[in-house]
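Visitor: Sequence:
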Amino acid sequence: MHGRTRAPGLFTTAMRLMAVALVGYGLLGTAAQAAGSGGAGLYREHCAVCHGDKGDGNSRAQQGLNPPPRDFTTAEAWEQLSRERMLTSVSYGRPDTAMMAFSGRLDAAQIASVVDYVRTAFMHRPTATRQDNGARLYKKHCAACHGDGGAGATWTQNSLNPPPRNFTATSPDELTAERMVTSVTHGRPGTAMMAFSGRLSEQEILAVVGFVRATFMHVTSGPAAPVGTAAVTRPDPLPRRADLKQLLPQGLIGQVEAGRLFYQENCATCHGLKGDGNGPRAGFIQPPPRNFTSRESRLTMNRPALFAAISQGKRGTVMPAWSAVLSDQQIADVAEYVFRTYITAEKKTLN
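Sequential numbering of the sequence shown, starting at 1, is according to this note's numbering.
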C-alpha cells in the first residue's frame, strides 16, 4: 500500500529522542565517566539532552515534549524548586511529564551532586525589581488583612474566623512556595482568602509570594554549591528553626500511649515504625512520606506544626486531612507521640 504517511506525533517524537539519548548513553558512557562523574558531567550525560546545555530547556527534545522540559534559569524555578523537591523529582521522576526516575541509574550522592550543580550553575535569585513589585502588590492586595508586618491586621482577629495567616509564625516547611501560589491563585475554601487569578497575572502572583517568603518568613536559602566544592559561595542553609517548646494549640495535652496505638495502626504504613519514612507503602508514594528523624524535621516540626499537618493534611502529597475523622484530642495524641518519639528523641547534629 502506498497511502500517505502520517507525520509522527509528539509522543512518537519523544520516544525517538529518548531512544537516541539511550543509544548515546550506551556509546558515550565510558567517555563521560572518564571526563568525570561530578555534577557537571552527570548533567551533560543525563540531563542536557532535554534541559539544554545552559539549563534553559532549549534543547533538541524541547519541541517534542509536552509539557516542555523545565527552564531552570527563570525566576519561577528559583521560587518553586526547593532542593528537596528537586532531589525527589530526579529520584522518582515527575508524573505526566517526560521526566523519568533516575534512582535506578544514579546513587543518592550522584543525584545530590547533579541537583546542586543545576542550582549553582543555572538558578539565580530574582532581581530587586521583582522584589519591589512584590512589595507593591502586597501593600495593595494583601496588607489590609495580613497586616503591614505579615502577622495579621488587628481588626481581623475578632472579625474573621479563621483569622488570616500569620506569616511571621509559620514554618516555610509547612507553608511551601507551591502551596502559597495555589492559595493566592485559587483562594482557600472555608476562609476569607479569595482567589486572585482574575486580578493578578501568574508573574505577579509569584512576585507577591516571593516577597512574603523573603520579608516575613525569612526564606533566604539560595542554591547550594556542589558537594565537594572548595569555594562555597552560596551554601544551602539549615531550615528556619522552630520553637520546640511551643505547646499544642487550644490548650490540648497529648496522650502519648493513645497516640502510639493510632500511629502504629495507621501512620506507620507510610511513615514507618521508626518514623523514618520507610513504611510498607513508602516505595509507592511520590513524593515520599516525611522522615520524622531527619535533621529538617527535627528543626521545624514542633507540636503546632505536627498538629496542623495531621489535621489539615499536606497539599500535593497523599497525606490526608485527619480532622475529617479524628477529634482534636486524638490529633493531639498522635502529634505528641511523634514529637516525643521521633522529633526530640535524639538531639544530635542539629547545630
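Hints should not be assumed to be uniformly reliable.
Claimed, not checked - Computed list of lysine to any residue pairs in SDA-like fashion (alpha-carbon distance at most 25 Å, straight line):
no., residue 1, residue 2
1, LYS140, GLU84
2, LYS274, ALA321
3, LYS139, PRO189
4, LYS314, MET194
5, LYS245, ASP328
6, LYS314, THR182
7, LYS274, GLN250
8, LYS139, LEU160
9, LYS139, THR176
10, LYS274, LYS139
11, LYS139, ARG260
12, LYS314, LYS140
13, LYS274, ARG260
14, LYS314, THR300
To be verified - Across the chosen pairs, the derived CB separations fall in these ranges:
no., residue 1, residue 2, range
15, ARG125, ARG179, 14 to 24 Å
16, PRO162, GLN329, 14 to 24 Å
17, ASN58, GLN246, 46 to 56 Å
Hints listed in this document are in silico derivations from the structure and should not be mistaken for laboratory results.
Ideal placement from N, C-alpha and C gives every residue a C-beta, glycine not left out.
Visitor: Evaluate the given range 14 to 24 Å for the C-beta pair formed by PRO162 and GLN329.
Guide: Hint holds: Cβ distance 19 Å, inside 14 to 24 Å.
Visitor: Okay, ASN58 versus GLN246 on CB: inside 46 to 56 Å?
Guide: holds, 47 Å
Visitor: Straight-line Cα separation of LYS314 and LYS140 no greater than 25 Å?
Guide: Distance ~29 Å between LYS314 and LYS140 Cα, so the pair is violated.
Visitor: Is LYS139 close enough to ARG260, meaning Cα to Cα at most 25 Å?
Guide: The given pair, whose Cα atoms are some 46 Å apart, is violated under the 25 Å limit.
Visitor: Are the Cα atoms of LYS274 and ALA321 separated by 25 Å or less?
Guide: The given pair, whose Cα atoms are some 22 Å apart, holds under the 25 Å limit.
Visitor: Taking only the CA atoms, is the gap from LYS139 to LEU160 under or equal to 25 Å?
Guide: holds, 19 Å
Visitor: Within 25 Å, alpha carbon to alpha carbon, are LYS314 and THR182?
Guide: holds, 13 Å
Visitor: Take the C-alpha atoms of LYS245 and ASP328, compute the straight-line distance between them, and say whether it is at most 25 Å.
Guide: holds, 20 Å
Visitor: Keeping to a limit of 25 Å between CA atoms, is the pair of LYS314 and MET194 held or broken?
Guide: Distance of about 20 Å is within 25 Å: holds.
Visitor: Check whether the Cα positions of LYS274 and GLN250 lie no farther apart than 25 Å.
Guide: violated, 29 Å
Visitor: Against the 25 Å threshold, does the CA-CA distance of LYS274 and LYS139 hold or violate the hint?
Guide: It is violated: about 46 Å lies between the C-alpha atoms, which goes past 25 Å.
Visitor: Hint says 14 to 24 Å; check whether the CB-CB distance for ARG125 and ARG179 agrees.
Guide: Taking Cβ atoms as reference, ARG125 and ARG179 lie about 21 Å apart, which means the hint holds.
Against the hints set out earlier in the document, violations occur for numbers 1, 7, 10, 11, 12.
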